[in-house]
Every structure is written in C-alpha cells, then in structure tokens.
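Input sequences plus hints: build the corresponding full structure.
What follows is the residue order along each chain.
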Amino acid sequence: MPELLQFLFSGLTVGAVYALVALGFTIIYNASDVVNFAQGEFVMLGGMITVFAHAAGLPLLLAAGIAIAATAVIGVALNKLAIEPARGAPVVSLIIITIGASIFLRGVASLVFDKQIHRFPAFSGDAPFRIGGATILPQSLWVIAGGVAVFIALWLFFTRTLTGKAVLATSNNRLAAQLVGINTNWVMTLSFALSAAIGALAGVLATPITNTSYDVGIALALKGFAAAMLGGMGNPKGALVGGILLGILEALTAGYLSSQYKDAAAFIVILLVLFIMPQGLFGARQTERV
Amino acid sequence: MSDLLRVENLGISFGGLRAVNQVGFSVKPGEILSVIGPNGAGKTTLFNMISGIYMPGDGRVVLNGDDVTGMRPDLLARRGLSRTFQNLQIFQNMTVLDNAIAGYHLTESGSLLADLFRLPGARARVRAAREGAMALLARVGLDRAAETEAGSLSYGKLKRLEIARALALDPKVLLLDEPAAGCNAVETEEIDQMIAEVARSGVAILLVEHDMKMVMRISSHIVVLDHGEKIAEGDPATVSRDPQVISAYLGTEAAEAADA
Amino acid sequence: MRLSPRATTLLVLAVLIALSPLMFPSNFYYRVGSLIFMNGLAVTGMVILIGYAGQISLGHAGFSGIGAYSCAIMPVQWGIHPLLAPLLGAAISALLAWLVGRPILRLKGYYLAVATLGFGILVYMVLMNEAALTGGPDGITVADSGLPDLAEAAGLDLSNSQFWYWMSGLVLLAGAWLALNLYDSPTGRALRALHGSEVAARTVGVDVARYKLQAFVISAVYASVAGSLLALQNKFITPDVAGYMHSIELVTMTVLGGAHSVLGAVFGAAILTMLPQVLTVFAEYEHLLLGLIMMLVMIFLRDGLLPSLMRLIRGKSE
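Taken in order, these protein sequences are the chains called A, B and C. Counting from 1, position 277 in the first sequence corresponds to residue 277 in the UniProt record's numbering; the numbering is continuous, with no gaps. Counting from 1, position 161 in the second sequence corresponds to residue 161 in the UniProt record's numbering; the numbering is continuous, with no gaps. Counting from 1, position 258 in the third sequence corresponds to residue 258 in the UniProt record's numbering; the numbering is continuous, with no gaps.
Treat the hints with care, as some may be off.
Said to hold, decoys possible - Keeping only pairs whose Cα atoms sit at most 30 angstroms apart, straight-line, the calculated DSS-like set for lysine-lysine is: (1) B:K157 - B:K213; (2) A:K237 - C:K108; (3) C:K108 - A:K80; (4) C:K108 - A:K115.
Claimed, not checked - Some chain A residues close to chain C (C-beta under 10 angstroms, calculated; not the full set): (5) A86; (6) A89; (7) P90; (8) S93; (9) I97; (10) G100; (11) L105; (12) V108; (13) L222; (14) M233; (15) D263; (16) F267.
In case anyone wonders, no lab produced these hints; they're calculated from the structure. The beta-carbon is built from N, C-alpha and C at its ideal position, and this holds for glycine as well.
If you want it as structure tokens, here you go:
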C-alpha cells in the first residue's frame, strides 16, 4: 500500500504540472482555436529565467515574479508577431508556425542561457512529510496547490468577471463578439499573456523537483496537449482532471511496469481514449458543418 | 414506375434541438422534387442525412429498394447518389478540369501500382475521364476555363462547376442544394434548363431552392418544411394555394411573384 | 516544344544531379550532395502526404529510423543480405505505417499532428532503450553493403562519397518520377480532392480513409529508403535519425520550398541541408534559425519559396 500511495503522490505532482500546461492550452484554444505547440516553452522559460535571475542575486520570489512577467510578455509577442499575421491560415500552417516558435524559443534559450540542467532551492525546504508510509515533498504540495489555485482563479475569472465572459463570448463566436463591442484582439492578447504566465508559473513551481533545461518544453507540450485531449479540448475542468489522470497513470506505469517506457504508456492510453471517445471526458461533441 | 429514392420518417436532433422531424417523401426517375421552406427549416440538414453526411437519428432512407440509412457518402456515390452543396465544396486547390475529372473518380480509379508506374491501363482511364470532363465542362459553359485554378472562378461559375462534377458520376439520384443561389437571371435560366434536361434523361432530382419562380416552373412535386416538419406536399399549383404554406413561408414571396 | 510539368521537373533534377559535380571544389561536396538527395527523397514522400493529401506528420523520421536500423541490425544480427535490408526495412515501414495509420488518420489537424509526433517519439524511445538490439544512445555501426565494391568491379572508380552521390541521386530521380506519376493519376487526384474538401471528395466516391492511408504508407516508404541510404553511406547510425528534430526538419524542408511540388520540396531540402554543412557558424544557431524559417515561411510565403520565386520571375517577364 505505501508503494501505491507513493506512486499516487508523485503522479499527483507531475499531474498538476501537466494540468497547468493543459490549462494554458485551453485558454488559447478557446480564444483562437489555435493549439499552441510552444506552450511547453513557457514552462521552460518560467524555470530558466527564475534560475538565472536567482543566480544573479535576486531573491527567489522576485526572480519568479520577473520570470512570469517576462514569459507573459513573450506570449503576447508570439501572438502579435506570429499568430495574428497568420489568422485564417490552414491548420497545418498554424501547427508549423507554433512548432517553429517552440524551436525558436528553445534555440534562443540555449544561447541566452546555456545547455546545462538547472534547479533552484525548494520554497519550503526539502524535508519530506510522511503520510501512511509514503513521503511527499513540501514542493509537491506547492505544485498541487498551484494547480488547484490557478484552476479556481480561472473558473472565477471566466464566470464572475466581465472580461472573462468576453473571452468566452469570443471563443463561442468571434464575429458576434465583435458585433456586441468586444475587442477580440485584446481578448487574444490577454489569453496569450494569461496562458504564458500560467505556463511560467508551472515552471517556477516544478523546477525544484524536476529540474529544468532549455529543452524540456517539447515533452511538456506533448503531455499537456495529451492531458487537454484526455479531458476534452477547450474545457478547463477537463484540463485539470486530464492532467492529474495522466500524471498518475505515468507514475503507476513507471512504478509497476517500466520507467523507460512511462512516456509511451501514457501516450498509448491517450490514443485509445481518442479513438474510443474523441471528444474526451468533458468535451462537447462536434458536428461538421457543410 | 417504382420509387428510386424513398425517405421515411426521417429525423435528427442537435443537442436537444429537433432539426428535422418525421419527414417522408419519395421520388421516381425523371421527377424533380423540390424541398422548400424558410431559412432554418431543416432543408440542408435533410439533404445531409440523405447523402450520408449526418447519421439520421431515426427513420429510413431507401435507394433503389435498398435501405441505405446512414451509409457513407462514398458508398452512396457508388450506388448512384450524387449531390451539390449550398455553400460550395469545390476543390479550390485544383484546376477546373481536375475538379470535373474528380467527378469521374469511380470510373477513373484503378490500382495504386498502375498509378505509380503510369501503366497504360491507368493512362487510358485518365484519358477517358478527361474527355468526359471536357464534354461536361462544355455543357456548363466552362470549357474555356478548364486550366484555371478553381479558386479564382466567380460564384456563379463555381455553382455550375459543382453541378458538372455531380453529373460526372452519372447519377440515378441527384441532390441539388440551391443551385441557382447567387446567379443572375440569365445564369438561373441556364441552370433551370440543365436540370430539366437531366431529369428528362431519367435522373431523379431532389432540389432545394429559394428562387420560387424556378421552383414553380420546373418541379413535378413540392415538399414544404417548416421548423423541421413537413407541413405540405403536392404539385406546384396545390402547394402554392395551401393556406398553411402561405402563412409559413410563401406569404411574402407569393405576393411578390403575383405583383411581378 | 512544350514539356509537361512532370517532364520538366525530371529534366531539371537530372541535369542538376549530373552537372553539379562539375562545380564541386572538393570531394566533401559529393557528401553534401548525397545528403541533399537523401533528404530530398524523404521530402518527396512528404509532398505526397502534405502537398497532395493535406495531412501532416510530425513523426516521419520514425520511418527513417526503421530504414536506417534495418540496414544496421538485419545483416549483422539476423544474417540477412545487406542489399535485402533496405527493402525489408521499407516493407516493415509500410506495414507499420499501415497499422498505425489506420487509427491515427481518422484524426484531423492538431490531433493528427500530436498522434504522429507521439508515434515518432515511440520509435525513438525503442531505439534508445533496446540497447541490446540497437546499441542504444551511442548508436551502432552498419555493415558494408558491398555496393561500392560492386561498382568498382564493374569498372567504376568512385570514392565512397562519389558512389553514394550517384546512387542517392538515382534513387531520388526514381522517387520523383513515381511521385510525379501519382500527381495526375486517379489516386493523386483523389488525394488532392480530399485535401481540398473531404466532404466533396466523399460525395464523388472517394474512400477518404483508404486514400489517406495510401499516402501515409507511400510517404513512410520514402522516409524509410532515405534512412537506409543514410545508414549505408555513413556506416554508422544513432537514434537521432528517428528523432523529433529530424521529423520537424522534414516538414520544414517540405513547406520551405513548397509542399505542392516535388521540385519545390527538393529545393527546400537542398537549402536546409546545405546551410549547416556550408556555414559552420550555423550550427550554434541551428534551432533558432530553423524555428524562424518555419514561422516566416508560413506567415509570408505560405506556398513555399519556389512557387513564390517563380511568381516573381513570371511577374517580371510579363
């Protein structure tokens, strides 16, 4: 039993990171129908900028704040410079653009920073808590709390604030939203900023546990997208549940089957889910219009 | 003569909204059956169910005596059902000629290896399809545009190209979704004549059209839909006198037509 | 006389392959040339998948990996003749593409991209982890195919680089010939039709799933053969040949030159293959530039470099 509990703890931790990436996907997808393959780079930037700001002598909290703000700016720039000029392009073009952006950001990070593996100290030390024979790091609790907090904040934002409702209206019908006076360009800017900031936050929270380097983004983007698909594309609740399920699944595979193929197992299950229920756990069924 | 296409109690819902409910009718070879009704009455949805693009929620579609309900469109094409679309589904990335040749897919295609190695059999089939396509393009007046990119054609020409492509299948049943939309009076007249001609050759035609003059002129039979339900049916004269039809739909247009 | 686009493309390619060596300052350029042809071959397969059928794959390097490792593993460990290995590799790639493609190609757009990406990563993981068979991350040596010796016995006095230059040039020509044949064939038309409108393709009788699968399998065979050629020339291979970055490079080469034409895509392959070989400074900025090229081409030259250039030239001459 303690073994299972241990796997669940580690699964919850990585799952919360995947959930944050998936939430980031969801925000941009809802606002623009674009799946941003560079989402994982936001996580990488969050971690790397914090590492280097902290190493330059800034206090950790300030370094993290700078990292999140800087990544949000990069997210907005991505939208303005690469996504907006390609509005209306075929999906294949948009895929190539956002993958290009991810490789570009990765290349920039390897030049501006370096190609080493980094970490910074955990927020509340490294002394693990013991629960039912298993252990959990204080930083894991930070990650899980971060995932839940972002989800609740997003839920409040989308249901209780006028701005949030404007974003939802834009995702439902861009033209109608424009007609009722919503500035959809601004909604896009906001969505990319928010999404990038959430990604960076995930990087800040997870780096003390998982470490970071310039090339961690692609794997995270893939997992985050898988989590979003599992939960149902475009649904924040699905992103949260999908992320955590995926994390647990991976941890169980690594624990009981093979740690080398944990990524493979998660991926195969995602494919199965896609074929059995392509709309995911919470997604709406789509009908093609002709 | 027996029915070529029979639709029985067809219905579908989208997220709790009943889009089409209990609609039935039948078409014989050489007949032109028009489905009319206000916007949102469910005409295109009905077409999409018949042509296998939507899976009907309930009811049956019977083609040539066989139940083909919810069958894939490509299999329906093999059975002789062909269609055009309200909002154009042209192969924009291809030339006008290639669009028309694509209509000959079922007779043109053979084995992959023959295509890869350009074997004489494949070349002969392509040649035959190309000749047929050129003849069809000439018939709809597009032969001079054969080598242009389809995407650059005007709306009216694209409508005609779609009809040519649908005719290339040599269909037994032809579904035309607003073939005259966006066409001027002269073009409408031409399409009108073409449809009548195709029907005379023994094809059963199902037509959705907003141009009431055209509908009244060429239909052998009319089905009126409103809010997804069939509210009237009969020959043009009967339908145009039906009080329910006039109140639901024809009211304004019939008055206009009478004034004109 | 006016040549068909098909004949023109073949002629241009043949002339470039035959005459380029006249300008080579050293033997090294034969190697660059052969790399261009190998990438060009894989990219010609991508033209069928992306340009004709409008489907995307972010995992095709996986098939290159299978082709390459077949040449390394089969002769040494299973005693299969070295010349049979590329063919068997292509057959395995085709079979795998068929098995994987059947479920995966039901997906569209982003979902298809992620599913193929995942497939590529799975292949890569197997190559990395099954070290007993594949040599793991360190790579594996490839037994000599005996082909250059055969050529020498036939009286052709060629260095290894020269031999593979001509060999891969010929294979590229053959691959281009097949792809061009396909374009104006019923299959090619069905592929282009489902690219333009899947719904309309269905209504004219195109079995969309079957044709997508055909394009996927054919392009997998191209990638596999390209991988085999690379392994045979290098005589050494690492899992990177199946890696994510290689898959992305294949897609980028395809769209850079122009995914709708074989010549355009080969042009893209030539540019992206030459840059890091000729400009060594490029190595440091490889990712950065690759990403930048992907974004810029898709934003400003969506049809690719070659069609845009042609339009410019025609625009000036008219």
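A quick look at each hint next to the structure:
1. Annotation: proposed proximity of B:K157 to B:K213 holds, straight-line Cα distance about 21 angstroms (limit 30 angstroms).
2. Restraint check: the Cα-Cα separation between A:K237 and C:K108 comes to about 23 angstroms, which is no more than 30 angstroms; the hinted pair holds.
3. Distance check on the hinted pair: C:K108 and A:K80 sit about 26 angstroms apart at the alpha-carbon level, within 30 angstroms; holds.
4. The straight-line distance between the Cα atoms of C:K108 and A:K115 is roughly 35 angstroms, outside the 30 angstroms bound, and the hint therefore fails.
5. Interface hint at A:A86: satisfied, since its Cβ lies 5 angstroms from the closest Cβ of chain C, which is below the 10 angstroms cut-off.
6. Using the Cβ-Cβ criterion of 10 angstroms, the hint placing A:A89 at the interface with chain C is satisfied: the shortest such distance is roughly 7 angstroms.
7. The closest approach between the C-beta of A:P90 and any C-beta of chain C is roughly 8 angstroms, which is under the 10 angstroms cut-off, so the hint is satisfied.
8. Residue-level restraint check for A:S93 holds (minimum Cβ-Cβ distance to chain C is 5 angstroms; threshold 10 angstroms).
9. Given hint, A:I97 at the interface with chain C, holds; its Cβ is 5 angstroms from that chain's nearest Cβ, closer than 10 angstroms.
10. For A:G100, the interface hint holds, the least distance from its beta-carbon to any beta-carbon of chain C being 3 angstroms, beneath 10 angstroms.
11. About 7 angstroms separates the beta-carbon of A:L105 from the nearest beta-carbon of chain C, less than 10 angstroms, and the hint is met.
12. Interface restraint check for A:V108: the shortest CB-CB distance to chain C comes to about 6 angstroms, inside 10 angstroms, so the restraint holds.
13. Against a cut-off of 10 angstroms between C-beta atoms, the interface hint on A:L222 holds, since the closest Cβ of chain C lies about 6 angstroms away.
14. Satisfaction of the interface hint for A:M233 is found here, the shortest Cβ-Cβ separation to chain C being roughly 8 angstroms, below the 10 angstroms cut-off.
15. For A:D263, the interface hint holds, the least distance from its beta-carbon to any beta-carbon of chain C being 7 angstroms, beneath 10 angstroms.
16. Checking A:F267 against chain C: minimum C-beta separation of about 5 angstroms stays under 10 angstroms; hint holds.
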